[in-house]
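Read top to bottom, the protein sequences are chains C and V. Just so we're aligned, residue 1 is where the first sequence starts under this note's numbering, counting upward by one. Just so we're aligned, residue 1 is where the second sequence starts under this note's numbering, counting upward by one.
Certain hints may be false.
[Unchecked claim] Going by beta-carbon spacing under 7 Å, a handful of chain C positions derived as facing chain V:
{"hint": "1", "residue": "Ala13"}
{"hint": "2", "residue": "Gly42"}
{"hint": "3", "residue": "Leu70"}
{"hint": "4", "residue": "Thr101"}
{"hint": "5", "residue": "Gly102"}
{"hint": "6", "residue": "Leu104"}
{"hint": "7", "residue": "Phe106"}
{"hint": "8", "residue": "Glu108"}
The set of hints was computed from the structure by calculation and includes no laboratory data. The beta carbon of each residue, even a glycine, is placed where N, CA and C say it ideally should be.
If you want the building blocks of each chain, they are given just below.
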Amino acid sequence: DAGVTQTPRHEVAEKGQTIILKCEPVSGHNDLFWYRQTKIQGLELLSYFRSKSLMEDGGAFKDRFKAEMLNSSFSTLKIQPTEPKDSAVYLCASRQGQGDTGQLYFGEGSKLTVL
Amino acid sequence: GDSVTQTEGQVTVSESKSLIINCTYSATSIAYPNLFWYVRYPGEGLQLLLKVITAGQKGSSRGFEATYNKETTSFHLQKASVQESDSAVYYCALSDRGNNYAQGLTFGLGTRVSVFP
Chain C
1 DAGVTQTPRH
11 EVAEKGQTII
21 LKCEPVSGHN
31 DLFWYRQTKI
41 QGLELLSYFR
51 SKSLMEDGGA
61 FKDRFKAEML
71 NSSFSTLKIQ
81 PTEPKDSAVY
91 LCASRQGQGD
101 TGQLYFGEGS
111 KLTVL
Chain V
1 GDSVTQTEGQ
11 VTVSESKSLI
21 INCTYSATSI
31 AYPNLFWYVR
41 YPGEGLQLLL
51 KVITAGQKGS
61 SRGFEATYNK
71 ETTSFHLQKA
81 SVQESDSAVY
91 YCALSDRGNN
101 YAQGLTFGLG
111 TRVSVFP
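Next comes chain C alone, as it looks inside the complex (with noise of 0.2 Å):
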């Protein structure tokens, strides 16, 4: 079976910039998250679907990002307008759901740096 994959591997945007991160998560499971992962802040949350449906949103990081979940195979995170703070790794996330320990499995990121 695929793993998680996340498209692009890298990007490089101009401060300003709207960049669109893509993730397909695990076939079948029902659950999908977005992390954040700096070396200071660690990995942050950023939001967390469960089939489909927008469960937590981030808090902070509701006014410049925005995550959907176009079907059940397919989410994009929009950072509209981008700042050079937002230079990180964004890290995708699935698991199967209700039920299970909670093990995620993750996509191997996608590297944000801005300029």
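Chain V: place on chain C using the hints.
Quick look at chain V alone, frame taken from chain C:
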């Protein structure tokens, strides 16, 4: 909220020596959380190393072990003899059953392990 603390940000160790990475946790629910160690090898994605969902039990994988200690709220990762291929970043994490697994996993900041020959 839930939290996970890894005290060492970076560890350097000689090949064939022992390694221990400390992890302590705090969970808000009254039930005990599920505990995980994830690892990121150079050039690869974050992947599960081992997990333990029952307090008092030990998990093991690839020569690594971790015991779920509810008294000290710890989940330290140990290996008796490391190899260069163990060089990676290791993350301790918890999933809060009492919160119905909402919020996904709570991660520590990670420990970068460098093994030199």
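If you test the structure against every hint from before, which numbers come out violated? 1, 3
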